[in-house]
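**Student:** Generate the whole structure from the sequences, applying the supplied hints.
Quick mapping for you: the protein sequence lines, in order, are chains A and B. Numbers in my numbering are just positions in the first sequence, counted from 1, shifted up by 14. Numbers in my numbering are just positions in the second sequence, counted from 1, shifted up by 14.
Hints are computed from structural coordinates only; laboratory data are not their basis. Everything numeric in this text was worked out from a predicted model, so none of it was measured. Where hints are given, some of them may not hold.
One copy or any two copies: either way a pair holds, since identical chains are not told apart in the list.
Computed cross-link-like contacts, BS3-like style, restricted to lysine-lysine with a CA-CA straight-line distance of at most 30 Å [claimed, not checked]:
| # | residue 1 | residue 2 |
| --- | --- | --- |
| 1 | K63 | K150 |
| 2 | K358 | K280 |
| 3 | K331 | K280 |
| 4 | K450 | K183 |
| 5 | K280 | K369 |
| 6 | K110 | K151 |
| 7 | K69 | K166 |
| 8 | K263 | K326 |
| 9 | K450 | K166 |
| 10 | K263 | K331 |
| 11 | K136 | K364 |
| 12 | K110 | K69 |
| 13 | K450 | K52 |
| 14 | K457 | K330 |
| 15 | K457 | K239 |
There are 2 protein chains.
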Amino acid sequence: MPAMKSKTPAERANVSGLGFFFSPKRVAIIGASRTQGKVGYVVLENFAKNGFPGKIFPVNPEAEEILGIKCYKSLREVKERVELAVICVPAKFVLKVLEDCARKSVPAVIIVTAGFAETGNKAETEKLRKFISSHKKMRVIGPNCLGVLAAKTKVDTLFLPIDRLGRPKEGGISFVSQSGALGSAILDWAAMQGFGIAKFVSYGNAMDVDESDLLEFLDNDEETKVIALYIEGVGNGRKFFEALRHTGKRKPVIVIKGGTTSEGGKAVGSHTGSLAGSNEVYETLFRQTNAIRAETMQEVFDFSRVLELEPKMKGKKIQIITNGGGYGVLCTDAAIGAGLELAKMNEKSKSAIRKACPDYAIIANPIDLTGDATSERYAIALAEAMNSREVDAIILVTLFQTPLLDESIITIVREANEKKTKPLLVLSVGGSYCQKMNSLLAKENVNVFESPVEIALALKKLRQFSGK
Amino acid sequence: MPAMKSKTPAERANVSGLGFFFSPKRVAIIGASRTQGKVGYVVLENFAKNGFPGKIFPVNPEAEEILGIKCYKSLREVKERVELAVICVPAKFVLKVLEDCARKSVPAVIIVTAGFAETGNKAETEKLRKFISSHKKMRVIGPNCLGVLAAKTKVDTLFLPIDRLGRPKEGGISFVSQSGALGSAILDWAAMQGFGIAKFVSYGNAMDVDESDLLEFLDNDEETKVIALYIEGVGNGRKFFEALRHTGKRKPVIVIKGGTTSEGGKAVGSHTGSLAGSNEVYETLFRQTNAIRAETMQEVFDFSRVLELEPKMKGKKIQIITNGGGYGVLCTDAAIGAGLELAKMNEKSKSAIRKACPDYAIIANPIDLTGDATSERYAIALAEAMNSREVDAIILVTLFQTPLLDESIITIVREANEKKTKPLLVLSVGGSYCQKMNSLLAKENVNVFESPVEIALALKKLRQFSGK
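**Tutor:** Below you can see the structure in the form of structure tokens.
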């Protein structure tokens with residue numbers, strides 16, 4: 015008989031005891047407010063109105079009910095087991111409330127309240143830290159954070175109203191942000207762009223749960239295909255290194271690091287009180303752990319969606335297919351600049367394409383199907399490139415301004431893409447009609463880009479992750 | 015009495031005889047077609063339906079009238095003076111039609127027709143070239159081009175229908191593109207983004223009018239505040255150098271160069287038949303002529319709108335004002351990375367801002383007004399930074415997810431921006447509500463960005479041009 019039992023799925027999902035943050039059955043909102051717009055009101059409203067399937071216990075000593083839900087004078091009055099407590103009371107009451115949570119054995123607590131370390135409130139901060147570290151079974155996110163958004167289970171502690179901050183649909187990317195403001199701006203942007211999010215966490219001052227704990231949890235989370243991380247500094251470097259190394263072996267971890275210049279590092283100091291650390295140290299850390307570094311939030315999402323949706327890229331050789339020579343040239347420059355190479359398709363493939371094209375088409379790399387290219391011409395070139403052993407990935411440029419390129423191109427690209435035999439990325443630049451076509455492609459899980467440089471960088475990162 | 019007369023405004027506007035391309039009173043469309051979607055139909059339709067104020071003469075030997083406009087069997091039948099002829103006939107008829115144009119002393123001709131040098135049709139190409147070079151008074155754009163779009167005078171020879179290719183509104187940027195497909199995709203994109211265009215030219219094979227002639231013309235064009243140029247290679251390097259040097263002294267010229275890698279250079283060869291030239295040669299050329307190099311089309315438009323709308327940037331010192339610490343950090347990193355410096359406002363200014371803010375606000379650089387910042391708090395910080403002699407430009411981060419930041423921020427930013435005492439760029443990231451606010455700002459001629467890196471690069475280029 016084996017000496018050690020392997021973990022059950024539930025145990026694995028609840029690694030580090032964080033599971034209750036993302037799928038609690040019973041949630042107490044302590045400091046629930048009757049005043050519209052206030053933090054304690056918005057948090058309660060999120061749970062009450064957005065389809066959270068569990069039970070909600072608003073706690074407010076002065077209210078009978080809020081939004082039609084019975085209120086409790088204190089957490090002690092709640093008889094049922096509570097799995098997640100969200101604390102929105104003023105700073106001076108937080109410790110007392112936390113004692114109630116401990117007494118009731120609440121396993122997961124989010125302290126939204128600000129006004130501790132980041133404002134120099136040392137005495138209160140120290141008391142809080144001591145209490146938290148002496149109650150290991152109670153995991154705490156915060157204080158000074160937005161907390162958690164879980165798209166599937168409808169846990170939403172973000173105290174910014176939905177008319178200001180859109181919530182993204184369900185998807186495979188989980189996003190962890192040290193900065194609440196940055197995290198919320200990006201969530202809002204992702205919602206509008208149609209990017210899907212599995213889980214979002216803003217963890218604030220990180221008195222207990224930190225970026226490393228969250229990495230470990232998301233590593234074991236089946237919904238999460240790609241992890242994106244915004245950090246300014248880390249509390250425990252060794253722990254972060256181990257978490258990143260472990261997770262980086264199995265899932266793409268994309269990191270954007272704030273405070274890479276010495277001036278930015280100073281700004282980090284006054285923002286989150288972290289030590290930014292030198293750029294070189296982080297560069298080495300990311301390289302050693304297979305983490306994928308992004309320079310901009312656009313890159314974070316570009317890399318995420320490519321790593322989520324594309325198959326592995328077995329080598330560096332790309333084939334460019336275009337209906338506009340200029341974009342063929344710019345894609346070539348961008349691909350070479352990103353360290354990729356141009357594939358050389360064999361004569362058999364090329365002559366098959368040549369047969370389907372007029373004399374003035376250029377069957378090389380890039381393949382220029384020219385401005386009068388039809389969907390049929392694309393179909394043949396695309397099929398040959400998909401089947402070619404010389405090609406590791408395809409950049410397909412579709413300029414929709416030309417009237418001969420009709421909507422059947424959508425089906426052609428979708429069918430090629432569904433085979434998932436190699437990465438297929440589309441470049442499409444233009445206005446309203448083009449955007450309409452791009453949306454149709456995106457709905458079919460085709461990755462569409464508007465910039466040759468962005469498409470080439472995304473392929474570079476895909477190749478980097480595929481190689482390991 | 016002076017020995018030389020200075021040029022009249024009309025003469026200056028018609029430098030190199032190119033004025034008739036952009037403001038002709040009478041236009042002949044030779045090869046006008048009755049078949050919807052055909053090149054000769056779309057070109058006629060553009061002139062007939064989009065408000066062109068001059069007279070139109072469709073030429074088609076087989077039609078009595080098209081779109082209700084009387085047709086002529088040949089150009090010889092037109093009795094009135096024609097200032098612009100647009101040629102859409104098949105390649106084999108082009109020379110004959112061009113002879114008609116010369117006989118009638120048409121000063122400006124656009125040959126849309128393709129099928130010459132780019133397809134290896136050598137004999138026909140040589141005849142055409144000879145004829146054009148022996149008729150110096152007739153200026154020719156093309157062949158193999160989209161021709162001209164002039165937003166104000168409604169000259170529009172773009173043969174791509176408006177439902178596929180949107181036309182931008184009037185503005186101060188003129189865009190010259192060697193590649194028609196790239197040019198049209200960008201125009202379409204610019205139309206959707208709300209960027210204004212003064213004049214657009216796709217000049218194709220450049221048998222007569224080339225990039226240098228167009229630069230010289232746009233240098234003297236009052237509507238054009240900024241010139242953007244996509245080139246793959248240039249025919250006459252010396253002429254281009256002189257034109258760029260001359261224009262670069264007075265107006266910002268932003269250049270994006272295709273074919274900067276050796277592989278990209280090969281693609282250029284098969285695309286426009288030009289010699290791409292080494293990247294180093296162009297780098298030197300751009301530096302010597304004060305041209306501003308862009309790496310992506312996003313940069314072309316970012317640099318253009320900043321150079322069009324912002325006042326000069328007298329030094330490198332920027333002040334960052336934010337309501338989200340994370341974006342303060344990322345803007346600092348981006349600014350330092352772009353070679354800018356952080357301004358140090360004096361104590362008097364800082365204490366004035368401090369008085370208007372709660373204790374936990376950080377009055378340094380970045381100034382972090384924190385997540386509960388109101389428009390009033392912004393107003394005071396912005397006024398101090400605008401008046402500070404230590405500050406050369408301002409990056410104002412406005413994260414609209416926070417409910418306390420109301421719409422009066424628009425008026426505050428507009429009023430500061432209208433004084434034009436120093437560049438003021440806004441960073442605003444988010445979803446639908448944020449986009450609504452960004453549009454309000456853009457309508458007031460405020461430059462809004464979504465990326466710290468893009469905002470910092472645009473300021474870098476503004477500083478580069480301001481310094482000379």
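**Student:** Each hint should be assessed against the structure and marked as holding or not.
**Tutor:** Right, here's what the structure says about each hint:
Neither within a single protomer nor between protomers do K63 and K150 lie at most 30 Å apart by alpha-carbon distance, with minima of 33 Å and 75 Å respectively. For a Cα distance limit of 30 Å, the shortest separation of K358 from K280 across copies, 14 Å, qualifies, whereas the shortest one inside one copy, 50 Å, does not. Taking CA atoms no more than 30 Å apart as the test, K331 paired with K280 passes between copies only; the shortest distance there is 17 Å, against 42 Å inside one copy. Proximity of K450 to K183 under the C-alpha cut-off of 30 Å is found in both arrangements, the shortest distances being 20 Å within a copy and 21 Å between copies.
For the homomeric pair K280 and K369, the shortest alpha-carbon distance between copies (23 Å) is at most 30 Å, but the shortest distance inside one copy (62 Å) is not. Taking CA atoms no more than 30 Å apart as the test, K110 paired with K151 passes inside one copy only; the shortest distance there is 18 Å, against 90 Å between copies. Proximity of K69 to K166 under the C-alpha cut-off of 30 Å is restricted to the intra-copy arrangement: shortest distance 16 Å within a copy versus 63 Å between copies. Only within a single protomer do K263 and K326 lie at most 30 Å apart by alpha-carbon distance; the minimum there is 14 Å, versus 50 Å between protomers.
Proximity of K450 to K166 under the C-alpha cut-off of 30 Å is found in both arrangements, the shortest distances being 28 Å within a copy and 28 Å between copies. Within a single copy, K263 and K331 get their C-alpha atoms as close as 24 Å, which meets the 30 Å cut-off; across copies the closest is 43 Å, which misses it. Only between protomers do K136 and K364 lie at most 30 Å apart by alpha-carbon distance; the minimum there is 25 Å, versus 71 Å within a single protomer. Within a single copy, K110 and K69 get their C-alpha atoms as close as 23 Å, which meets the 30 Å cut-off; across copies the closest is 83 Å, which misses it.
Taking the shortest Cα distances, K450 and K52 sit within 30 Å of each other only across copies (23 Å), while inside one copy they are farther apart (39 Å). In this assembly of identical chains, K457 and K330 lie within 30 Å of each other by CA distance solely inside one copy; the values are 27 Å within and 45 Å between copies. Taking the shortest Cα distances, K457 and K239 sit within 30 Å of each other inside one copy (18 Å), while across copies they are farther apart (40 Å).
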